[in-house]
Amino acid sequence: MLNYLWAFMMLVGILWGAFHGTMAQVTQGALDAAGDAVSLCITMLGVMSLWTGVLEVGQRAGLIEQLAKRMSPILRFLFPNLPKDHPANLSIATNMIANILGLGWAATPAGLKAMEELAKLEEERGNPAYLGDGRGTVGKRERIASNEMCTFLILNISSLQLIPVNMIAYRQQYGSVNPAGIIAPAIVATFISTLVAVVYCKGKG
Numbered sequence: 057m058l059n060y061l062w063a064f065m066m067l068v069g070i071l072w073g074a075f076h077g078t079m080a081q082v083t084q085g086a087l088d089a090a091g092d093a094v095s096l097c098i099t100m101l102g103v104m105s106l107w108t109g110v111l112e113v114g115q116r117a118g119l120i121e122q123l124a125k126r127m128s129p130i131l132r133f134l135f136p137n138l139p140k141d142h143p144a145n146l147s148i149a150t151n152m153i154a155n156i157l158g159l160g161w162a163a164t165p166a167g168l169k170a171m172e173e174l175a176k177l178e179e180e181r182g183n184p185a186y187l188g189d190g191r192g193t194v195g196k197r198e199r200i201a202s203n204e205m206c207t208f209l210i211l212n213i214s215s216l217q218l219i220p221v222n223m224i225a226y227r228q229q230y231g232s233v234n235p236a237g238i239i240a241p242a243i244v245a246t247f248i249s250t251l252v253a254v255v256y257c258k259g260k261g
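The sequence shown runs contiguously to residue 261 in my numbering.
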């Protein structure tokens, strides 16, 4: 769907430029935007590499595991049916820590790992949608997300952010005079979104 949307927007822009005789400006704008995109990707690659590396160092040093243990009461409240010693707890905690620090991209690997572990949990529970056919595959059966998966996804999307590192990097890249000025509004906005998410999940649970 997004491919069609982008194609439509590009076509409208080109036709508009052709109709008004501004194709030169349209072409120049496309080239400038392409250059900005490459520059932004390089900047964000550095940010992502730095914080992914920091998380990896923290994980190998045992810091993430210690923080995950301290988050145990929160995880028990949010995921009451998730076994206390299940590996998904560590991945969920890692993802939440990264999101709270505003490291959205660095949180992605832990989020994917958490979903994998939650899928394994459904297999352990004997959920038919997650049982294989003896060859390590599930086949064409429809896989329905568990309550834990839905809760984790909602919290991941709405996550509280104390320091929106990625947003600060974006603002600095585009010449903001105060890139960190987004911190207070981001804390308020994400606190409200997280509160709504928790209330919704507990209400539906």
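By construction, these hints were calculated from the structure, which means they are not laboratory data. Think of the CB as a built atom: it goes at the ideal place given N, C-alpha and C, for glycine as much as any other residue. There may be inaccurate statements among the hints.
Stated by the list, open to error - Simulated restraints on C-beta separations: (1) Tyr230 x Tyr60: 47 to 55 angstroms; (2) Ala93 x Lys176: 33 to 41 angstroms; (3) Gly237 x Pro139: 42 to 50 angstroms; (4) Leu251 x Tyr230: 26 to 34 angstroms; (5) Gln122 x Val68: 31 to 39 angstroms; (6) Leu101 x Trp62: 18 to 26 angstroms.
The hints, checked one at a time:
1. In this structure the supplied range 47 to 55 angstroms is violated for Tyr230 paired with Tyr60, their Cβ-Cβ distance being about 28 angstroms.
2. Taken as a hint, the range 33 to 41 angstroms holds for the pair Ala93 and Lys176, whose Cβ atoms sit roughly 38 angstroms apart.
3. For Gly237 and Pro139, the hinted distance range of 42 to 50 angstroms is satisfied, since their beta carbons lie about 43 angstroms from each other.
4. Checked against the hint of 26 to 34 angstroms, the C-beta distance between Leu251 and Tyr230 comes to roughly 30 angstroms, which is consistent with it.
5. Hint check: Gln122 to Val68, Cβ distance near 53 angstroms, so the stated range 31 to 39 angstroms is violated.
6. For Leu101 paired with Trp62, a C-beta distance near 23 angstroms keeps the hint of 18 to 26 angstroms intact.
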